[in-house]
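Number of protein chains: 2
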Amino acid sequence: MTQVKSSIMQKNDNFYKIANQNKPHIYNEKIPLQRLIQLKPDDTKFGGVKVSESDVDKQFLSKKDLNKGDKIILDFGQHCVGKLNLHIESHGEPMDSPLYLHLKLAELPAELVIDSASYHGWISSSWIQEEYIHIDELPCDLKLPRRYAFRYVEIEVKDTSSKWSARISNPFVISESAVTMDAVAPLKIADKTLEKIDAVSIKTLHDCMQDVFEDGPKRDRRLWLGDLRLQALANYQTFKDYGLVKRCLYLFGGSITTDNRIPADVFIQPKITPDSVFLLDYSLLFVAVLKDYFWETKDQDTLNDLYPIAKRTVNEALNYVDDSGILEACDSWKLFVDWSKEIDKKVSGQAILIYALKQLVQLADIQSDPDLNFYQQKISTLSANSVNKLFDQQKGLFVSNGQLNIASQVWMVLAHVLPDEENKKLMDKSITTFFPIKGIATPYMYHHIAQALLESDHRTEAVQLIKDYWGKMIELGADTFWEAFEPDNLNFSPYGSLIINSYCHAWSCTPTYLIRKYL
Amino acid sequence: MTQVKSSIMQKNDNFYKIANQNKPHIYNEKIPLQRLIQLKPDDTKFGGVKVSESDVDKQFLSKKDLNKGDKIILDFGQHCVGKLNLHIESHGEPMDSPLYLHLKLAELPAELVIDSASYHGWISSSWIQEEYIHIDELPCDLKLPRRYAFRYVEIEVKDTSSKWSARISNPFVISESAVTMDAVAPLKIADKTLEKIDAVSIKTLHDCMQDVFEDGPKRDRRLWLGDLRLQALANYQTFKDYGLVKRCLYLFGGSITTDNRIPADVFIQPKITPDSVFLLDYSLLFVAVLKDYFWETKDQDTLNDLYPIAKRTVNEALNYVDDSGILEACDSWKLFVDWSKEIDKKVSGQAILIYALKQLVQLADIQSDPDLNFYQQKISTLSANSVNKLFDQQKGLFVSNGQLNIASQVWMVLAHVLPDEENKKLMDKSITTFFPIKGIATPYMYHHIAQALLESDHRTEAVQLIKDYWGKMIELGADTFWEAFEPDNLNFSPYGSLIINSYCHAWSCTPTYLIRKYL
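Here the protein sequences come in this chain order: A and B.
Each residue of the first sequence is one higher than the last, beginning at 13 in the numbering used here.
Each residue of the second sequence is one higher than the last, beginning at 13 in the numbering used here.
Simulated from the structure, these hints should not be mistaken for laboratory data.
Each hint should be verified, as a subset may be incorrect.
Claimed, not checked - Each computed DSS-like pair below joins lysine-lysine, with the alpha-carbon atoms no more than 25 Å apart:
#, chain 1, residue 1, chain 2, residue 2
1, A, Lys-346, B, Lys-175
2, A, Lys-346, A, Lys-62
3, B, Lys-283, A, Lys-75
4, B, Lys-76, B, Lys-175
To be verified - Stretch-level coverage of chain B by chain A, calculated; a stretch enters the list once three of its residues show a Cβ under 8 Å from a Cβ in chain A:
#, region
5, 109–119
6, 128–139
7, 146–152
8, 170–177
A virtual CB, placed ideally from N, CA and C, is assigned to each residue, including glycine.
Start from the sequences and build out the full structure, keeping to the hints where you can.
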């Protein structure tokens with residue numbers, strides 16, 4: 013198996029400069045308090061908690077005396093990415109001690125009932141959105157300096173003194189996004205469930221569109237390549253913010269190694285820093301993002317700049333095709349495909365390589381690249397090898413190192429390795445074999461399944477899947493779509509606790525793309 | 013017993029204006045890290061903890077990788093009142109999560125080994141000096157916005173991530189005070205213990221001299237009248253900052269009630285606010301602060317402004333003299349004298365009234381006040397009543413509602429109710445009866461005992477008392493003198509935990525006054 017030898021990042025400052033010339037303007041919106049709520053245990057609800065109106069009406073909040081141990085929960089009525097503001101006064105005798113507050117900011121009520129100290133997962137606990145704050149002098153306008161992703165804020169008074177109480181008034185959020193919701197006309201369709209799913213998708217995308225297409229504003233503010241591809245597609249159907257896609261393309265285009273690999277993600281703050289994580293399929297999909305962008309914009313300058321980068325990444329991947337004509341990832345350059353460690357990814361990798369090559373040849377044609385024929389040749393041989401060596405005629409399914417899994421079929425369908433009729437049959441067979449889907453927890457994989465259904469003439473099944481998966485999140489109280497969701501295992505977290513999950517996550521925003529493009 | 017009827021605060025904005033014209037300039041000093049330390053349990057040490065050098069030398073601090081759960085303790089080598097600054101960087105892979113820190117700032121190591129959550133005393137836990145801080149981007153220069161009183165800072169890394177470590181460098185404090193230490197020439201005397209006690213007294217006073225004479229910079233930043241009197245006396249022997257005393261005199265002078273009572277304390281921030289706490293002896297002692305100030309400065313304008321206020325407070329106290337010619341405090345206007353609830357305070361109150369009258373007549377003489385004779389008359393009758401009704405000839409001691417206590421004798425000595433010879437005998441008797449002293453925990457009362465010894469020709473005993481009390485604090489590791497200290501009960505706290513005690517407290521700074529004035 014090939015292994016990565018030397019790999020040194022070669023940053024292209026000129027490309028970074030172009031990326032920064034396309035920095036978005038950040039729009040602010042003032043979001044007022046909608047209501048105060050209280051939480052009660054309820055095993056029938058997501059996270060085991062039921063939301064109800066608080067006894068305190070919001071118009072009486074400013075008169076509510078808050079003393080040691082008192083808690084209130086603010087509900088802003090929508091998912092917000094931005095900064096929290098509160099006005100706080102002291103009431104009673106002169107303020108003879110500081111005010112000490114504990115704030116928890118949550119996207120879902122489920123987060124509020126989990127003790128932060130109980131989290132011991134592998135991802136950093138520093139992402140849990142909470143603060144302990146001392147305030148020496150009241151009245152004050154408290155403006156928390158950090159940006160959070162939240163709808164709910166629990167405020168616990170750790171202490172005042174026996175002489176005075178704290179009173180909170182005029183809470184509001186200043187939200188941040190590179191786009192505004194009114195830039196997209198809401199869908200008006202007969203199917204109200206799809207209409208709602210479309211709206212939540214757009215809100216999810218909106219909240220992830222910041223200085224770059226963020227992965228998830230609560231936690232991971234990096235730019236990820238695999239997520240960028242899906243966000244860009246959803247963006248073309250909705251906000252049409254081409255500058256932000258261009259910025260992100262140049263951030264990756266300026267971050268390629270001496271051995272032609274693009275990192276899976278790039279850090280933006282405090283300075284542009286390519287991560288040391290490399291995923292073969294993400295690197296391969298750079299060409300897809302470029303091709304989708306050019307198809308939308310016809311931006312020839314960007315294509316001229318980045319086409320050579322796209323070629324290098326695909327060429328490098330071709331070096332990993334073994335003697336049998338099948339792509340072989342390696343430990344130092346793995347395939348992602350999905351979080352599931354159970355899925356064998358060999359077939360998926362092969363399909364993604366072919367998919368990437370098919371994007372590349374379309375661009376090669378535009379660029380009148382003499383290598384066009386070479387790439388077309390590669391597609392034929394790789395496709396033939398796939399059918400000959402990976403497809404089980406009897407089962408009618410692709411087999412990945414002896415394993416049958418849905419990812420393999422879906423990516424082969426999307427790569428259109430088989431003629432349309434057989435492609436349809438492959439998907440028929442996949443439905444009978446793998447539906448209802450088990451063991452998949454990422455909207456990223458669900459998106460590709462739904463898209464494969466739509467591209468293989470399975471519209472009804474696609475709509476059903478979208479409703480069963482994304483629709484179910486809405487039933488459970490989602491204002492935005494989640495990083496991870498396994499319908500059969502509601503408490504699933506890739507990190508071991510619901511408190512750390514991101515409930516507004518880039519790669520889950522795609523239903524608006526699927527609905528508006530295919531339906 | 014007389015009770016307070018109507019009492020409405022009448023603020024004098026003109027006096028407050030004069031107070032604000034005398035706002036001090038705050039001097040800043042940059043205090044570097046002295047060393048890193050570690051703590052080990054040791055029952056023979058104060059607070060049960062022993063300090064030793066850390067394995068990490070300060071010159072290697074900036075190379076020390078700090079990960080989840082790691083702790084370091086910074087020692088700035090002296091008591092500081094000011095703001096903490098740290099430079100923090102990330103080291104390793106790109107910073108893929110916020111840094112989460114827990115900081116504890118302590119005047120003494122004993123505070124660091126007490127879990128904040130274990131404190132349940134009646135004073136607010138919000139005074140415990142600790143912060144939880146998230147930092148989203150490194151490197152950063154962390155400048156904590158709050159002012160603390162501390163020598164030690166424990167920094168615990170709550171979390172980084174598995175990919176990077178935190179590194180801390182260049183910690184320093186910007187200290188704050190209305191005066192500078194170099195303004196006072198150190199005492200050069202043969203007795204090195206007294207020399208050291210004098211130096212620690214001056215440092216204590218220095219750290220409490222801020223925008224006003226603070227009570228204790230760690231916790232209570234109010235201006236207290238009883239403490240002001242002692243701080244002003246120590247200040248006259250050392251920094252000679254007359255403007256700050258003038259400012260404080262006008263803050264109290266501008267805060268008198270319709271029934272002629274001055275509050276025990278005044279809040280300065282966010283705006284000048286007289287407290288609703290009234291103590292009869294503190295109100296009476298306003299005249300003493302004014303007289304001491306005038307004796308030092310000959311500031312006739314201030315005397316002209318505030319003499320009428322001083323008269324009103326003394327006159328009002330005279331209304332509380334009962335038919336037997338003895339002062340009777342009441343529930344709504346108590347006597348402080350000392351924290352001890354066991355001490356009966358009747359005799360002390362009577363003595364303090366006489367003491368106050370003796371200050372007043374000296375000012376009345378300066379002001380050519382026709383009421384001079386009236387006040388001299390009062391002194392005679394109140395003194396006579398004291399001897400006739402409160403002094404037990406047989407015991408040779410004053411008896412307070414049937415109780416013998418040292419406070420009674422000490423205040424009668426300070427009021428010089430008896431002729432000098434008998435005054436000396438009274439103190440002889442007090443020494444044989446009450447020494448070694450039990451049940452007194454405030455430097456405030458110890459000061460008056462020491463001063464009574466010095467004013468009754470007991471120099472040797474006074475020196476011994478100062479060494480046994482203040483000297484003992486130094487032995488236990490005091491950089492500044494403490495709010496409360498009971499030599500026989502080292503864990504004594506008026507609030508139930510050493511973590512909340514103030515270890516740099518105004519009323520404990522007086523040895524420098526006693527040494528420099530009397531010795």
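Evaluated hints:
Using a Cα cut-off of 25 Å, the hinted pair Lys-346/A and Lys-175/B holds, with the two alpha carbons roughly 19 Å apart. Pair hint Lys-346/A plus Lys-62/A does not hold up; C-alpha atoms about 42 Å apart against a cutoff of 25 Å. Using a Cα cut-off of 25 Å, the hinted pair Lys-283/B and Lys-75/A holds, with the two alpha carbons roughly 22 Å apart. A hinted pair counts as satisfied when its Cα atoms are at most 25 Å apart, and Lys-76/B with Lys-175/B qualifies at roughly 16 Å.
Chain A is given as covering the region 109–119 of chain B, and this holds because 4 residues of the stretch bring a CB closer than 8 Å to a CB of that chain, at least three being needed. For the region 128–139 of chain B, the proposed coverage by chain A is satisfied: 6 residues have a C-beta within less than 8 Å of a C-beta in that chain, meeting the threshold of three. With 5 residues carrying a beta carbon less than 8 Å from a beta carbon of chain A, the region 146–152 of chain B meets the three-residue requirement, and the given coverage holds. Figure legend: the region 170–177 of chain B, annotated as covered by chain A; annotation consistent (5 residues with Cβ-Cβ distances under 8 Å, at least 3 required).
The structure is inconsistent with hint 2 alone, although it conforms to all the rest.
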